[in-house]
Amino acid sequence: MVGPIYIIAVALGIAFIMGLFGKSLKNFTGWAMLAGLGFMTYVSGQWLLEFLNNNRAVETIYTAGFKPPYSINLQMGSYEALLTFLINVVGLLGGIYLYKDLKKTGTNAMVVFLVFIMSLNVVVMTRDMFNLFVFLEVGSIATAGLILLDKNGNALQAGMKYLIATGIIAGILLIGTIFAYYFAGSLNIDDILAANLGAAKATVIAVFLIYVSILLELKPFPANGWGIDVYTAANPGIGALVSAASATAMFYVLYKLLPLGGAEWLNYIAVIGGITFVGSNLMGTKQNNPNRLLGYSSIGQIGLLTMILGLSDILGEKLVFVAFGILISHYAAKAGLFWLSGIIKAKDIKGWAALRKSPFLLFLFGTFVFALIGFPPFPSFFGKWELIMTLATGGHWAWMTVILVGSFIEGIYLFRWLGYAIKLDHEELPDFKIEWNKFFPVWVMAIVLYAVGVYVTPMVEGGSFINYIPLMFVLFLFAIDFLPVYIKNTVSIGGIIWYMFHIYPVLEGDLLRLIFAGIFLIGGVLTLMAGYSKKGTRKGFYPMAMMMFAGLIGIIEASTLLEFFFSWELMTAGSYFLIIRGKRSMPHGYSYMLFSIAGAYAILFGFGLAFASGFDTSLAALGSISLLPTLAYTLLAVGFMTKTASLGLHIWLPGAHGEAESDVSPMVSAILLKAGVFGLMILFLYMDRASTGATNLLYVLGWVGALTTLMGNMSAAFQEDAKRLLAYSSVAQLGYILFAISIMTQLGWLAGFTYTINHFMFKAVLFLVIGGIVVKLGTHNMYEMGGMIKKMPFSFVAVLISIIVIGGIPPLSGFAGKWLFYNAILEKGWYFQGAIIFFAGIIAFLYLYKLIHSVFLGQLKDNHRNMKEISAWILIPSYVMIIGIMIFSAFPQYILKPIGNMIAPYFSSEALSWEGTKALTSFGYWDGTTVMIVVGTAFVLLLGWLVALSSKAKKIEQFNIVFAAERPHRPETTHVSYNIYAGYQKALGFLITPFVTAFWDAMSNLVLEVANWLRRIYSGSMQNYALHVVLFIVVFYLIALGGL
Amino acid sequence: MDYSITKFLWTLLGLFIVLNWGMLMSSTMRRIGARVAGRYGIPWYQPWIDLVKLYSLRTHLTHGTMFYIGPVFRLMGGVGIFLFLPMVYGNPHWSNYSFSGDLVLILYFQFFGMLGMALGAGEGGQPFSAIGISRGLSQFATIEVPMTLAVISIAIQYQTLSISDIVAAQQGGFMTWTLWTNPLATGAAMLSLLGAFGHSPFNLVKAPNEIPIGPPTEYHGTFLGVLRTNGAILHVAEAALFMNLFFGGAGSWFELIIKTFLIYFWSVFVGTVFPRFRIEQSVRWFLKVPTILGILAIIIFL
Amino acid sequence: MFIAIAIVIGVASLISGFIAIHHEKLSVAIIASGMVSLFASVIFLLLAAPDVAMTEASIGSGLTTLIFFYVLNKIRQRND
Amino acid sequence: MIKKILIIGLLAGVGLIFFDLFNAYQGSEVLGKTGRYYAENGADEVGAANLVTAVIVTYRGLDTLGEVTILFLTAAIISFVLKFRREDFIPNRPVRITSELLDSASQVIVPVIFMVGIYIFINGHLTPGGGFQGGAVIASGVLLMIMANPNFGISHKVIAKVESISGIAFVLIGIMGIFLAGGFLDNRLLGLGNLGELFSAGVIPIIYTFIGLKVGAELSNILGTISHAQNEKN
Amino acid sequence: MEYIIISTGFALALLGLWGILSQKNLIKIILGFTIFNTGINIVMVSIGYVRGKAAPILDVIKPSEAADKIVDPLPQALVLTAIVIGLGVTALMLVYALNLHREKNSLDINSFKDLKW
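Residue numbers (our numbering), protein chains in the order written: chain W, 2 to 1045; chain H, 0 to 301; chain U, 21 to 100; chain F, 5 to 238; chain A, 40 to 156.
It cannot be assumed that every hint is accurate.
Unchecked claim - Far from chain A, some chain F residues (derived; all Cβ distances over 10 Å):
no., residue
1, 105
2, 119
3, 160
4, 179
5, 180
6, 186
7, 193
8, 202
What the hints assert, rightly or not - Chain W regions said to be covered by chain H (calculated; three or more residues, Cβ under 8 Å):
no., segment
9, 789 to 803
10, 823 to 829
11, 838 to 849
12, 932 to 944
13, 948 to 962
14, 976 to 989
Think of the hints as simulated: they come from the structure by calculation, not from any bench. This one's a predicted model, so the numbers in the text were calculated from it and none came from an experiment. C-beta atoms are modelled at their ideal positions from N, C-alpha and C, and glycine is treated no differently.
So that you can see chain W by itself, here it is in the shape it has in the complex (with noise of 0.2 Å):
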């Protein structure tokens, strides 16, 4: 073993035989500094294998060959050596980053690298007070030099603030030093420790000034203005070291000093934390220099550390692997994000579209964004869910919604940033070239989130569970992208089949389950096979949307809250990205995003009150809620409802659906959505029902629902656009099941089943549909369509079916649907709800009637007179969903039995019962299969009839009509389509004033301009920066122990 000590030995040893050599040797010193980094990574390494392989003792080592406290001891322990590898290892890459950089400036620029590295390697190390402020000094002064790197105005400004700050700073810590020393009378960390100068009324002010100035040097909301603009002005290599290794160097020795006052003091770390990370975060909301922007999103980052630590009593043994996960994925993902700001070059986050040329990079960015804001598979993800899970146990929820609040506003920027990259168009993008030693850093640092990501796993309470499989199928996916789109379809198509088997056993015998597993996977299949119609290779379109599967399925199979979420999280994930393909969806992608996180915090929430009312971390934890059980259940209602798309959170699912590509359309359509449904259908089942709370959310989540359906079905007939007017339509057909499972009887799951499974098969169908129509058409807008009857005639008999279904009209299924509510509504009683309900149901017949006439009907026109039928691989599924419609429409038995019987036990009352084919209840009957044969027999009849009356109908011409006298040559004029609902419109238009639009977009105003209002505290003077430092002494002393 190499003693840690050498690493200071080395480095300084390397420093300055490096300025003796450096004039005439700079390849030398450049290799004798990579050396050196390389030693000290190598040192704390093997430390760190010896603490993770044996169980081995701390190592204490004594400078001087005296005892502490007269000489200086440094510590290897566990977390030392931990934390030294960190800083080591990003020191190491960083300077392989900025290898040229450094070689450009000197020698001198080199020695002052792995000085730094160095100091923050004792800094950790160093069990002494004195000791920790002379090398926080060497770190401090190395930052203002390295900062120059960069030599431009703006790095010689953001150096000397830095300067001036830091200067304040340690006179403060230089005062706390020597009164903890006057007081203990040692300056060595764990005498002080022991002393306990918190307790004493005199010795307080000691402890005060060394957290204050510990806190100060984390860069605290408001007083930061001088480290954001650091991170603005320097090198982003630099930036990556301040954030990444300097950061957790400061993080571990507030960690050092944790119990240097006592309790109460972490409450007054843990508020600072969290004013820094919600503050913090939300001026990040309007910012556009990618270098700032990572700059508050790291103060933000630490801000939440140091909150995590403030919380450490409350954590308890929870406090390591919580921190752990957040502090990697931090260190990890920024170090990432500010390498890639280097090689991007852009000066505003638009400029970020370049990343596009290099789907490599843009994979890597997308990783490291969803590594900060807590997906899964990224250790931060297990790091939030065991800190909202311990929090919620001690009943902590306002550090519960404070942690939440601030994530969200994360997510805010970083996935505007995200889009941005993904889809803006933008003109004038920054050429980049990479070079390899820009390259490799960021790779490792993502395979290094992916890594410690899986291998934290089975350290969370149920984490051994969660199922890597189909992720494994992802990566695999990932692997053979560079493959044409028919190899990788068939692929993906072959994974869910062969899952199916997989998971059929699993299931059998949990119908629900069953249902929807089956929507899920056969509805993959089906949507997928779509996808053989296009060309080319469509990168990273199938790890996405087998990433949305994994997690869909995950759902399905989950027996634990935490996997439920993390399948929850992945499929959110995948299914972003999915949406986000499309050409015009980047704003839309972003609203789906947002009330994706939102909803999954509500959901995390919901589950940490599970959790901590028992203790138990299965499913079944949600039915036995005892802590304020009414929020829990309002939070998981609302969290699922994000992805049900109810009224209120609806407003990002036309614009995702309508501008998702053809076959994305009906995934997230059909598919997706479901898995809110079966989220709600989970919780209701689980809930107390009989609890005064649960009623009343039944209640209000019922008139959600009619609500929801009006406003869908009303905005959905005033559409033009054709997705958009399906994707409307699956927000009331949510509604419509929101509606009827929250009626929380036999006949009102039923009739929620019945929506859920029709609404599966023709939104498939018509998305599908629909889609290839407007591909091929290169059209949304209906008026510009018309008479594809003629064109398209297997896609009209699809979508004529499809519109029977969502009409309701007798014999086919959606009648089911409509029979069972006014069964249900009758027998709940919620007759206004009911009326309303059917009032929407009439409406639909607006949109249906638009939508099938203006593309099939009406007028051909004269551009598309050459259109061929779409593609027979968006047919052969729809028409495989049209026989399920059809089957379910004739036996509806057959399935509606066994569903009934299913949910029989959870509900007081069997409500329907069977004669056979016929279906009772105590209001009136229905036989599915009769009507069917006595509609069926009539039609034919009558069919017969009008044919032997007309055999010989001639077929005339298209403007073969009797237009007043004249005879129209210009489809367009003759095509009535535009605006059809006028007159509706100008009576009931005012039901659907985008309330909630607006409502949404004075939220985000709102957060935006106190963000900007926030923000002019940081005017750019140092003076005034240095005047926050002070500020934050005083009001933080005022309010410690000023007796206020």
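With chain W held as given, fit chains H, U, F and A onto it using these hints.
Structure of chains H, U, F and A alone, referenced to chain W:
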């Protein structure tokens, strides 16, 4: 569940009666309308003449498959309502195929014909058709609001959705009719009926002055004959539905004829008195008085 | 005795410090700042810290002042 | 003006903190634990008469190493910030004529100053003073040379060599401490000798010499770089 | 005496802070820093002072009785370090100021506000 041939023939006979009564009723109404306007009007047998003439026309022009099938859908809509509606109370021969579904089935089967009509007319490519359909749908989407409320109200009142049961509950004499036991629901339904029959003031759908005859503009010959056939059946069937729900049903064909005539007359009567509404006016109108009546009809049961 | 010296030196150093901060001429201010260090080194002597006193005198009042002047000189040259 | 008032208010707050510190300060009548240990054992363990030196060089040698590193860093940073490139010099730039007096005085005085400096750090373990003070004195000698001859350039390389070699030596001696004595920077590589003699206190005089050389070189380097900094905007 | 001295130290530190926060000239601000640091150094040495004791140099004082005769050497050692660090920071700040002046031809602190928000 009787699928026998006998049943089929009885039903066919019923259909024949309904068709003829429907034609007679429509000619009578037109005569009444003409007399009110000071004209002489058509002879009572004019519909039969029209029908025979239309069916025997030899020009059959079609715009395409949907144009061709559309009238079949339309006729199926009318016949279907007839099929699922028990016509004469207490007589199994005249209960048709109502055992396969209840009131809800009939409510939703109305759309079957509408949809077929709309699709067929749509393929004609005639702008008047499309305009008529859009108006028709807009109006229909509104008249269903009071109708639905009324249906919910009587379903609460009788605790059933079965039409036979509703009729049975009204068999205690004149005063047990829903008209008296639930006047609010009856009011709402009767007002919405005005829109369903599409007479003035709610006849903008066909608006004879502006857009030749609305949706069926392009239809002629056999196709128009099918549509006329349907019109006759549908009017009687709809009136019979209201009769069953609100006016005690019918114990015999005679009672049925009287009651359906009066119900139909109600809409014609209003039509001769009021001028035509624009579409947004009619939409607003249905959402005012009839809807409020419907809501009150439910509130009284809460 | 020591107390008197301490008071005198203390007051003197504060006055020098005040001058250093508030005098308009930079060169005077720098000299005054050097004086503060010089007084401080006397204070260190009073506190039985000859090592610190020497350091303060040579580095604090000597070298630091010199660097200030160097920089000031550079700035002045540029302004000419 | 409002800002001034705010600042005064803030300083009043800081003053309150200081006032509380002042109240907490009781003065000392006896030595604390650590101080007492040094007083009692310093002479025996380290062998340096000047206990401050003992603490600086040995007990808290790591601090001193960091301290030296800071100066080293500062010098390095200043030199790359004020990058001094020979080609930027215009050969016939008007050199300010230095006075004859300064020139000749420097030739006499500089060696004396150097001697004093060396004396200070060699005797660091015996008398007040040591590497830092001595180094500062040496730097002032260099300063005088620079003043006498503004184009004084040769020293740059020499200074850098001296700086690096003494730094390396410092670290090496420290490492030798791990193998030959109790730990990194232990001074007991050599015998402790008799208290109060020049050759005593183990390697303290040697270390202090290197520190002195290094500090002197670094400070000279800083001064030299600033004095040679270009004035032109580049 | 040490009370007077420590208050002088605090006063100097405050004075330095005042300079840092109120002055507009960069050089003045840096001067404020040196005064701030000097004040803190004085406070530190005062902490190590033991009433009436001598310097921690064992030339006249015997090692055996040193414990009762000398002041604490440790704070003095710390201050020594702090002074040298202060010099490094001051020098660096001055070089920064020099370069900033080169950039904007001004030493007014308010002319360096390019980075904000």
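Structure-based check of all given hints:
1. 105: Residue 105 of chain F is indeed farther than 10 Å from all Cβ atoms of chain A, at 29 Å.
2. 119: holds (22 Å)
3. 160: For residue 160 of chain F, whose nearest Cβ neighbour in chain A is about 17 Å away, the distance exceeds 10 Å, so it holds.
4. 179: holds (21 Å)
5. 180: Since the minimum Cβ distance to chain A is about 23 Å, residue 180 of chain F lies beyond 10 Å and the statement holds.
6. 186: The claim stands: residue 186 of chain F keeps its Cβ more than 10 Å from every Cβ of chain A (closest is about 19 Å).
7. 193: At roughly 21 Å from the nearest Cβ of chain A, residue 193 of chain F sits farther out than 10 Å, so the non-interface label holds.
8. 202: Since the minimum Cβ distance to chain A is about 13 Å, residue 202 of chain F lies beyond 10 Å and the statement holds.
9. 789 to 803: holds (count 5)
10. 823 to 829: Answer holds; 4 residues pass the 8 Å Cβ test.
11. 838 to 849: holds (count 6)
12. 932 to 944: With 8 residues closer than 8 Å to chain H, the segment 932 to 944 of chain W meets the three-residue bar; holds.
13. 948 to 962: Since three or more residues must qualify, the claim that chain H covers the segment 948 to 962 of chain W holds, with 11 doing so at under 8 Å.
14. 976 to 989: Since 10 is at least three, the answer is holds.
The structure fails none of the hints (numbered hints given earlier).
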